[in-house]
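Use the sequences and the hints to build the structure in full.
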Amino acid sequence: MLDPRLTVPVVCLVVVLCAACGSRGSEAEPQGVPAHVEASEYRIELPQLRLRRFAVVEDLAARSADWLGGLSKRLLLRDFDGAGEWLASDFKGHDLFGARRRAVRARPLGARIARLEAESVVDARGFLAALRTRLGPWRRVRAAHIGVREAEFARDRAWGRLLVKLDLLGVTADGGREAIRAALHVSVRMGAGSESWTIDGLEVLSATSEASPAPLFVDVSRASGVAFEGVRYGTPGNDAEGWNGAAAADIDGDGWIDVFVPSATRSFLYRNAGDGTFREEADERGLAADVAGTGAVFVDYDRDGDEDLFVAHVGWIETQGTRAGDRLRLYANDGRGHFDDVTAAVGLDVFAPIWSLTAFDHDGDGWVDLFACGYGRMQVERNDSWIEATNGARNWLLRNADGKSFTDVTVAVGLEGARWSHAAAAADFDRDGDQDLYVANNFGSNRLWRNDGSGHFEDVAAELGVAERGNSMAAVWADWNGDGRLDLFTTGPTSHTGERVLARLAHSRSAKILQDVTRMASGNALFLSEDGGFRRMRASGAEDAGWAWSAVVGDFDLDGALDLFCANGFVTGDLPRDT
Amino acid sequence: MYRRGLSFNGDERSHLFVGGGDGSFLDVSPTCGADSPLDGRAVLAADFDDDGDQDLFVHNLQRERHELFRNETDGRGYVKVLVSEVGAEVTVGASTQVVARGSGFASCQAGELVFGIGDAPRASISVRWPGGGEAEFAPIPAASRVRITRSGATVVPRRADVSLPDPLPPGIKIAVGELVPTLMLRDAAGGTFELDPRTLAAGRRVHLTFWASYCAPCITKLPQLDAIHAAADHHVVAISVDSPEDRERAVDRLLTAGIGYTTAFPPAAGDEVEGFDALIDLSRLPIPTTLVIDPDGRLESVVRGTAGL
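First to last, the sequence lines map onto chains D and E. Residues in the first sequence are numbered consecutively from 10, following my numbering. Residues in the second sequence are numbered consecutively from 838, following my numbering.
Everything labelled a hint here was simulated from the structure, so no lab data went into it. Hints may contain errors.
Simulated restraints, written as ranges between beta carbons of each label pair [as the list claims (entries may be wrong)]:
(1) Gln329(D) x Leu1016(E): 19 to 27 Å
(2) Arg332(D) x Ser1138(E): 23 to 31 Å
(3) Glu1109(E) x Arg59(D): 52 to 60 Å
(4) Ala957(E) x Glu54(D): 55 to 63 Å
(5) Glu1109(E) x Pro146(D): 34 to 42 Å
(6) Gly955(E) x Ala64(D): 55 to 63 Å
(7) Pro976(E) x Glu539(D): 51 to 59 Å
(8) Asp292(D) x Ala1094(E): 50 to 58 Å
Chain E is nowhere near these chain D residues, computed Cβ spacing over 10 Å in every case [what the hints assert, rightly or not]:
(9) Arg52
(10) Arg148
(11) Glu390
(12) Arg408
(13) Val420
Cut-off 20 Å, straight-line C-alpha distance, at most; resulting in silico cross-link-like pairs (EDC-like, lysine to aspartate or glutamate) [claimed, not checked]:
(14) Lys413(D) x Glu922(E)
(15) Lys174(D) x Asp848(E)
(16) Lys1010(E) x Asp343(D)
(17) Lys174(D) x Glu238(D)
(18) Lys82(D) x Asp864(E)
(19) Lys82(D) x Glu94(D)
(20) Lys1010(E) x Glu1137(E)
(21) Lys174(D) x Glu67(D)
(22) Lys1010(E) x Glu1109(E)
(23) Lys413(D) x Asp343(D)
(24) Lys1010(E) x Asp1133(E)
(25) Lys174(D) x Glu54(D)
(26) Lys413(D) x Glu327(D)
(27) Lys82(D) x Glu1082(E)
(28) Lys82(D) x Asp176(D)
(29) Lys413(D) x Asp349(D)
(30) Lys82(D) x Asp583(D)
(31) Lys174(D) x Asp68(D)
(32) Lys82(D) x Asp859(E)
(33) Lys1010(E) x Glu901(E)
(34) Lys413(D) x Asp372(D)
(35) Lys174(D) x Asp864(E)
(36) Lys413(D) x Asp350(D)
(37) Lys82(D) x Asp848(E)
Nothing here was measured: the structure is a model prediction, and the numbers come from that model. Heads up, the beta-carbon is just placed ideally off N, CA and C, and yes, glycines get one too.
Below is the structure:
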């Protein structure tokens, strides 16, 4: 029985001898390992006799991920002695942390990226010494993460080969940032329980170091007065997973941009004091009573020259017709940044589970209308499909009649449908002079509502190639490739656990189902405007932002090309394991 | 399941994708400084301090709910376009942005667009108005702000020469000059004791050093601190942030180094934590960090890393 992991012939021979005499236990001396193995020849091969049962492999993969999570924690603490406990005494592997840096290219603002090339194979002591030398001088390890992307195990469960992604982020001695990222094959030797696993081999597939002498952004939350420590998700006062909107505008005409933040138990109005700090003034400005808002937009609905405020809420109508939850609200600005609730005065009576709002002039009459994305209430009814759900809450187009009242014209303008709508973005993508609308949906296809010029809409998403199907979270319009036409960016989650599962399922499931399921976790998409339609850009470089939520466009480094920033993450619990 | 404390796509860091101008992007997240691991939802990009670059505001699901990141881009050419009409498309150079009220997810951007223009001394701006109609404007100088309406363009002055403030030192919750609260700590034997900086100071400077036995730079620093402690007008207290199971190792390290100053540990579960929590956020504190407290019990300075005192 030849151990197939090591292709270096001499090593193989030694391993065979060791295996034969049963001396691969943890107390065994690392005897017989050749003093020198060329880094270029070092490989960790797949087991020849592999475990095939999906559930068993996935269970072992998940356990190995948990076990490596403990190593991540040791790296985060820079507990190098502690990290050593994960390595077998006869460990052999590429010298990742002593690798030579080969410069690849400079990045904006003085950042540099280098390929890390392991030049030797080292034992545990050498590996840990290099790790200590590399990370020891850092001021802080900001993050250490080891994720298992693929896993295969020998049928006798004695060992396995994992494909892992390692991410180490730190603050360097000079206050700069460094990120070491590597794709590795790791050979794990498995004892009876997860406690007795060890790493006995490590092969670097690719590794990079990115360093920046000074980051583009610094965190001034506390210094500027906007920091707020909220309760944990899932505790009273915070149990709405997808709300948490925010809106920016100069509310009092002093030229400084203020921020409104709705949330579960209170609202925040951060007034920009013009000296770099903010003061929370929701109470003084008439917004304290607004609680449990989801999304919000500032817009001058009555054309009196100031920024009024719509705040969405989750409401519904009970079967017997009673209204429950809270309504969509409109607050009129008095011109000095004080707000009055005029919801009833303008005839708004919308009780619906609404998350995002988009203001735009749908009929070109000069008065800005409001589109409200109806999502749904998971507490009452789950989505009826993961791929094309049709039981979400309806959307709303509320027509602004001369700044005096709002009327529901949704059905009349053709915007029917009940998908689980996360967000929308308006723009004249086809340059015909009217405003079109893209709607990003969860559990189903997105819609591109083309305006026919009279304020009536038709869904052309499939025809024009933007019927992104999956779990779209957000949409943004801008011209990213400089051809003068608006492109579209949508966000959506990627799931590495999901990819691992899908990679195994690929052998057994139908191509069609697999394609649909894969698209659900395929991340962000950039659709470039082309020949009257859109082309989904392959490998734009902006696909993977984890479980991405909002995205915003801007030229953050002022280099003349537009950038994107994405917030992300679903729920971080106290336990390290990702479900 | 995440309601039981498990993560579901947790600890993901926000992403910054720097555009190449051709539809390609570079992921510069790990070194961008705005890669918060919190569960982000809405995002606002706005030039909150009117210095010509866009800062970022993020609304998170939990913990530190509101984050503000100051943009550090300085000295690069830009123009800032103020347009209030929703749906207007503004083009500067090769970039076109739309004035949107409600885009992304549950986010509403302010009616200000910022464009980088490199070294160009001035920039031309064109606008497509909703409903049709385009307008070209005479070039405006770099670093200008211009308000554009259907009736024309007006250059407006910079509001004030201000900036969002510098970040506070990470992990420390009080500002320099503020009184350091009384701390309840654990000693090496596991007992509790009270550390009142004013009483302890008694005319001296107190150096409160946070360290851990696994931290190589900390170990380097231990003898330095001993030398400082030996001076008449200084007093050192070292607080080890080792996890409880590693505290024995911390005490060993101190014994090995022949340390003469007080050593302590953070409060344990169930201890009085008010003072400690008002001073320190352990999850963000880089080590070693030393708080220098003046004889009046106020925070005088913060020394990070192995820098001398």
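In rising order, the numbers of the hints this structure does not comply with: 1, 2, 7, 10, 16, 17, 18, 26 and 32
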